[in-house]
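Chain by chain, the residues run as shown.
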Amino acid sequence: MKVPLSWLREYVDAPASAAELAKLLVMAGTGVESIEGDVLDLEITANRADLLSMLGVAREVGVLLGKRVRIPAVTLAEGTDALGVEVEVAEPGLCPRYTARVIRGVKVGSSPAWLVQRLESAGVRPVNNVVDVTNYVLLECGQPLHAFDANLLRKIVVRRAAAGEKLTAIDGKTYLLDRDRLVIADAGRPVAIAGVMGGKESEIGPATTEVVLESAQFDPVSVRRTSRRLGLSSESSYRFERGVDYETVDWASRRAAQIILQLAGGRAAKGSVEASVPAPPRPVARVRPARVGQVLGMQVPTPRIREILAGLGCSVGGTDAALEVTAPAGRRDLRIEVDYIEEVARVEGYDRIPCDTQFGLRVAVDDPRDLVCEAVRATLTGMGAYEVLTWSFAEVGTPNRVPFWSPGPLLPLRDPQGNVDRTLRESLAPRLLEVLQTNESYREELHPVFEVAQVYFTDGKGFGERAVLGLAVPGDVLDAKGLLETLFRRLSLPFEVVPAALPFLRAGTGAEIRSGGMVLGYLGSATPGLTGLKAAAAVAEVDFGEIVRGARLGTPYRDFNRQPPVERDLNVVLAEGTPWREIEAALRAGAPAALESVRFLSEYRGKGVEPGKKAVAFSMVFRAPDRTLTGEEAEGAVKAILNSLQAKLGAALR
Amino acid sequence: MDLDAKIAELKAAFEKDAATVPAEQLKSRYLGREGRVRDLFVLLKSVPPEQKGAAGQKLNGIKAEFERRVEELGRTKAVAAAAGALDLTLPGRAPEFGRRHPIYSTWDAIGRVFMKLGFDVVYGPEIETEANNFEALNIPLDHPARDGFDTFYVEPPYLVRSHTSPVQIRTLRSRKPPIRVIAPGKVFRPDKPDAGHSPMFHQVEGLLVGPGITFAHLKGVLDLFAKSMWGPATSIRFRPSYFPFTEPSAEVDVSCFICGAKGCPVCKGSGWVEILGSGMVHPRVLENCGIDPEANTGFAFGMGVERIAMLKYGIPDIRRFTENHFAFLKQF
Ligand SMILES: [Zn+2]
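If you read the protein sequences in the order shown, they are chains A and B. Heads up: the first sequence is residues 4 to 657, going by this note's numbering. Heads up: the second sequence is residues 1234 to 1565, going by this note's numbering.
In isolation and in its complexed conformation, chain B is listed as follows (with noise of 0.2 angstroms):
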């Protein structure tokens, strides 16, 4: 009989096969070491010489395919009898994974826009002098100003600084301009604590001084930061104000994030939200530090990290972020 017509007898025997045997009884029938094609192996003792050459790559054609052949069907059985038993529904087997805390988060979501800003992050002490805390950024002793910055005493002159402002006068003093830095940090207030007040909260500052730094320079900064921050249809406003370390001194709303600028309760219908406090530094801040405000000029602003997450996310009470709940941590 013809090496042709065995195969071809073969291979119909195996299509078959093949749609009720399972493969791995398959593969003992055809590719064993007893199998079919081993048989036809045999044969090719009987084939003359000079055509084993072609008849030995047909056979080896045929086997390679049953071998395919056997593994996908293999395959395809296996699938259906996982599904079967699994069932797919379950929950699957998931690490668990932690949270950062939003306050921290929000630090350093402000602390990325200013740096793509070119601001190099700058830190100082908890425990500073109150040299650097008032006199060196022209808030005198008695004086109405510091009203607004009562302060924890460790034991005069040492205290816990009331705003991150005493980095801005160690960087004066320790960088040459043009100087670009922000300063984030803990901060610290005698105050009770209510849903808007809490004696340790969070600020970042910033800070630009060199030569030819102007307040529309302060606005532009500003205008970046929020367009970044809340999206490119933000805008913002500047209404005076006074701070004894910057002239002319500013705060800062930007159009209401919540609504739209429509008018909302976060908002208290007036489409603006107030977020933080600017102006250009004092002439006798700079002076104080060293750097010659006639040749120099430069401005600052500093705004509440706890402030900015409470109106990020819609948080009412500022207490919510030293309880630390799980049920708290878990949302963010």
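Here chain A stands alone, though its shape is the one from the complex (with noise of 0.2 angstroms):
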């Protein structure tokens, strides 16, 4: 809201300068967004509906400067004429207040400059002297005020409209209604959307001579509901959804209609027409000294408190023990004790507030989830992976659908207007991948990318999420074998890869990822369909949660075999379609208990070769656990190693 210092200079001995100006009402909890001039725009907060006025903001300023404020004397001279305007509220809910004033006679024209210059510097474009004068009060008492031409109006009903009815608003749009929003009508059809906007029809202009004049309290619900569901927000609307005061009501009321007299002439008719439940009472809270020094940590003498509660023009009573406090008109955030301690606090200003560091020591449990993060995100690093931080939104209607975590549909998002543009990603892989095409699309040299993050399903009774390790992988599935390989072993964690039909990878290449004979997730090529890479990849997926369960960063110490070892290399023949696991076994099958590790070494199909078959190479360690091996036992151990492959395999040395 836009304050000229000068304006405000009317209520109150404002500071000397707009920046002392801001500078006091920041500190004191309203923002100022910019200065221009003399003039501040305040961000008002959701709860100072009474902030949003000239004599609102006097009124915070006389507070925190204990200066008193001026408030404007109305003498309004009213004539003799009957008002001629019949008023029923068929929703009183809707509706606790409203009041009309009938002025007849005005002659409509341009506003004297004070005016036009006034509104002007609070951002309100001038229309003409009457609808100028009701602007000006709005934003001199925080009420919002309506003139309607008169001459169509002869009795005013505030009621819910009916399906289907439509009212042309004065900015030129026509609106569509419904039983949910509250208008103003004639006899026959809408005026005005309650509290939000006049219409058209009713519009002052050069021509009106018999204006009324409304000021009312709606419901904050119904004006909110109805400037959102409408789309349509005004100065009006802004200030009923935050609440209007009971009592301004009839003040801005006779306020408006006199500066009109003043500026349009006219004569305003005998008293006006009001129909409204009784004013609500004010709530009364018990506020306890003692509990402002409890919640604050700062004790704040009795009469200090009494004194800064009689400034925001609360009625103070009670004792000392328990003062009662009613809270002054327009300051409907005023409540229940605690609303109290804030004003205290707000006046005597936070920074009065000590620091204390006294409140107990305590050691912070670790999360195991924290700690098997940590391990995967160092372990993946050190091996030249980039963590990655990507959407968890996916595109409606994607064909890049990874249904491995769940088969069920995506779940829409549904913005406050309720358009769907996005739905929330079932895979971490197509992200993953994306960001690999788009560094190879900038000619940067690709890495391994990875990233924890949540994936999301329904499950036909209800969403779920499940957080998941994703790793996207420049190269074929064994490169990414290799990184899931090296991070399960620093996690303790053992697990297997057991190919797998998985139709959104590379045919042939899926696999799932299992331990102790859970499906933990799994890994394969990208289909280029998925990826865009022109880059060959690889995607895995591994239940988080499962990493954590089955990791074990701290595994005790085994002593370990002082014996010196002796390695020994094989180069087989055999079989094309033999795969590793089975010469690893049928290696195992054969060797003495001395055989200690075997390690893959290559594999060959080529020249040398006869086809159908290929030559793999490994090497062993053998190491007896009390004694060095004699090079004849070593021999002997590879014979019956051979001896095995060939029995079980056909192998043949090479």
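By construction, these hints were calculated from the structure, which means they are not laboratory data. Hints may be right or wrong, so weigh each one.
[Unchecked claim] If you want the ones that stay clear, here's a sample from chain B, every Cβ over 12 angstroms from chain A, calculated:
1) L1374
2) G1443
3) R1470
4) P1549
[Claimed, not checked] Once the Cα atoms are required to be at most 20 angstroms apart in a straight line, the calculated EDC-like pairs of lysine to aspartate or glutamate come out as:
5) B:K1501 to A:E46
6) B:K1501 to A:E36
7) B:K1349 to A:D369
8) B:K1460 to A:D354
9) B:K1501 to A:D418
10) B:K1419 to A:D354
11) B:K1563 to A:E448
12) B:K1349 to A:D370
13) B:K1296 to B:E1363
14) B:K1349 to A:D373
15) A:K464 to B:E1363
[As the list claims (entries may be wrong)] Examples of chain B residues toward chain A, derived with CB under 7 angstroms:
16) H1334
17) M1348
18) F1352
19) V1354
20) P1358
21) I1360
22) V1387
23) Y1391
24) P1423
25) T1447
26) F1448
27) G1453
28) P1481
29) F1554
30) T1555
31) N1557
Glycine included, each C-beta is placed from N, C-alpha and C at the ideal position.
Dock chain one against chain two, each of which comes alone in its own frame, and use the hints as you go.
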């Protein structure tokens, strides 16, 4: 809200400069968006509807500086004419107070320079003298007013719109209304959307001579819903949504009528017509000065508390142990004890509250998720992988489905307007591959990328999510598998890779990652459809919760063998389709206990190896627990292994 | 001829040869199977028996000395030879290492400070209910207080959380005071992406609830946080604000760590940078979670990880974080 310092000064002795005023307000909780000349643009928090007016800001300045506020005196000279307008409020729940005055014989024209200048400095466009006065009083006291051309209005009905009713508002647009929209109507049709905007037909124009001046209080929720539904917001709706003050309704009506008479001439009819429920009682809060200290950690003397509350316009009774405090009109945010504690802190200044670090010692408990995540990130980055951060969203109707975690439909996300332009992702793979693609298009050297993040699913009954470790690796599926092997070794988590038909992966490359009989995830080569990459890439996803459950970060020490190892390499030729898993099983079956480890070295097909066969080289380490192995023993072991390979797989020494 | 004299002669010859003869040749000439030390051992046969022990020791001594010298010379010459062939200005054979994403490392850095202060790290789901995301936090439906909390809905009443505060609700319901936790995580808001906004970002929220916890403790904890994060000279400033779930509420600024609070573009000349929102947990929130607000008080705070990271590294645009260019990630 724009507040010109010169206007504010009419009501309170404000600080000398806009900058000083800004500092004062900021340190009391009202943000200042900008300062232009002597105009401050204030950011008013949703709880402080009372600050949406010059008088409200003046009251705040008055409290903070201990100055008196000058409220304009209203001296409306009413005539003797009868009102000639009836009001019926059909929905008192949505309109607790409605008043109307009538002014006849006005001469509509442009406003005097002082008024035009004030409205413009506050960012409001001048229209004509009558409308300008209603806007001026709105800015002055925060009560929205509306002026109708009375020629068309003999009976005012505040009611729900009928379904299908339409109204062309003064913005020139036509709005379709329904039962949930409150309207001001004449005998037949709506003439205004209550609290939001008036209608074009009853707008004040050059031909207007008779004015109906509306000042009312509408239900904040109803106005807010209507404003949001119609996508129509105004200075009025903004204030009604935040709540206007019951008492100010009449003051504003008289104040505006008085100025209209001054600027546009005419006569005020006698009195006003009013339809209202009784004023709601103001809440009384019990405020214990001791509690102020308990919440703030700073003792504020009781007389000072009384002084601050009185300065805010509260009436303060009760005892020193428990004050009984009634909020002033307009401070709808002050209801319970803690509301007043905040006021005391705010007016005293938060900088007066000390820093206290005596809140007791406690050792934080490590979450296994954090420890494992740290090990995963350290290991993968240590191997050259980049951690990335990708969107949890997927496009609507993406052809790149990776329905590994759940076969259900993607979860749509609706924005507040109800648009669905994205879904929650079911898999990390598409976004990780997209990262490789982005970097490929920037001609970066490609590195493996990974992320631990949620994937989402629906299981028919409800929604779910699951933390997943995702990897995308330039190269083939063994590049991805190697990273996982080293990672899982770091985590002491045994796993195996079992070929599986996964339709979103390149045929023949897909496999499940299993541990202890459970499926933890998958890996495989990405299809060109999934990546758009020129380079080959593999992907893997592993259930992160299962990694956390299975990982052992601190395994007990086992003594190691100090005997010298004997190493032997073998190169054998066997049938093309024999998987390494079988070769290793066969050689282990024939090996003596002294075989400590086997390491695959290479595979070869081609010249020197007959078609349908391949040569496989591997390296073995032998070691006895209690003595140095002799050369003869090692040779014997190799021979036994060769025999086993020969017997089981028909392998021959190359 | 006396043995001692022969030893002295041999030593002189060895030193003379050492200057010119390569180590391997020295070794075979003096220490080999037909070397000159061996020749002396042959002489040992003619030494009288009572002197044999001492003479043997002398010969073994000279042998050991020559062996040591040969090895030494060999080593020096190898280094000299290698230095001639090797270009040490060539780059080393360096293994590649990857990088951590700056958002996750900033998240960790924030978490580390609070763990030192005894805060546990807690997590909650990203798909939440309206009740946990709004109602329990004293944010009523159809209230202007919701304006700052536009939300993506999955299907009412389910939504993706717009802040990590629902984790506070879950923690207040599942633990008993005293409660001291931080809740980091992803949050979602239907904002159009621009330099300062993103529909997905990260928050770290904190909560300390128990008997006797005051606003002064809130100030104390955040002062320690700021000093740990940005250095001991950092100071903080509390400004009143409004959040439906805290009262009194405060925005917290830190003295600008870019310019040392002298005024720069980052702090817009003010010397202060806004970093988080905080306040005393609203009694209604405690009540909603079954905690007696008379016996317990507490504070909560929340900060955006992206904002902290942008300030820390001087990154001007929030969109850099989700583009994942290696050229960007390589810098962290
Ligand atoms: Zn600065």
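Now the hints, each set against the structure:
1. L1374: violated (8 angstroms)
2. G1443: Violated, since 8 angstroms does not exceed 12 angstroms.
3. R1470: At about 7 angstroms from chain A, R1470 (chain B) fails to clear the 12 angstroms cut-off, so the statement is violated.
4. P1549: Holds: least Cβ distance 17 angstroms, greater than 12 angstroms.
5. B:K1501 to A:E46: holds (17 angstroms)
6. B:K1501 to A:E36: holds (12 angstroms)
7. B:K1349 to A:D369: Between K1349 (chain B) and D369 (chain A) the Cα gap is close to 11 angstroms, so the pair holds against 20 angstroms.
8. B:K1460 to A:D354: holds (17 angstroms)
9. B:K1501 to A:D418: violated (33 angstroms)
10. B:K1419 to A:D354: Not OK: K1419 (chain B) and D354 (chain A) at ~32 angstroms, beyond 20 angstroms, violated.
11. B:K1563 to A:E448: holds (12 angstroms)
12. B:K1349 to A:D370: At roughly 14 angstroms apart (the allowed maximum being 20 angstroms), D370 (chain A) and K1349 (chain B) satisfy the hint.
13. B:K1296 to B:E1363: violated (90 angstroms)
14. B:K1349 to A:D373: Judged against 20 angstroms, a Cα distance of about 15 angstroms means the pair holds.
15. A:K464 to B:E1363: The hint holds at about 18 angstroms.
16. H1334: holds (4 angstroms)
17. M1348: holds (4 angstroms)
18. F1352: Holds - the Cβ of F1352 (chain B) comes within 7 angstroms of chain A, reaching about 6 angstroms at its closest.
19. V1354: Given a least distance of 5 angstroms, the restraint on V1354 (chain B) holds.
20. P1358: With Cβ-Cβ at 6 angstroms, under 7 angstroms, it holds.
21. I1360: holds (5 angstroms)
22. V1387: Since chain A brings a Cβ to about 5 angstroms from V1387 (chain B), closer than 7 angstroms, the hint holds.
23. Y1391: holds (6 angstroms)
24. P1423: holds (4 angstroms)
25. T1447: Status holds, d = 3 angstroms.
26. F1448: holds (5 angstroms)
27. G1453: holds (4 angstroms)
28. P1481: It holds, given that the least Cβ distance between P1481 (chain B) and chain A is near 4 angstroms, below 7 angstroms.
29. F1554: holds (6 angstroms)
30. T1555: holds (6 angstroms)
31. N1557: holds (4 angstroms)
Consistency note: the structure conflicts with the earlier hints numbered 1, 2, 3, 9, 10, 13.
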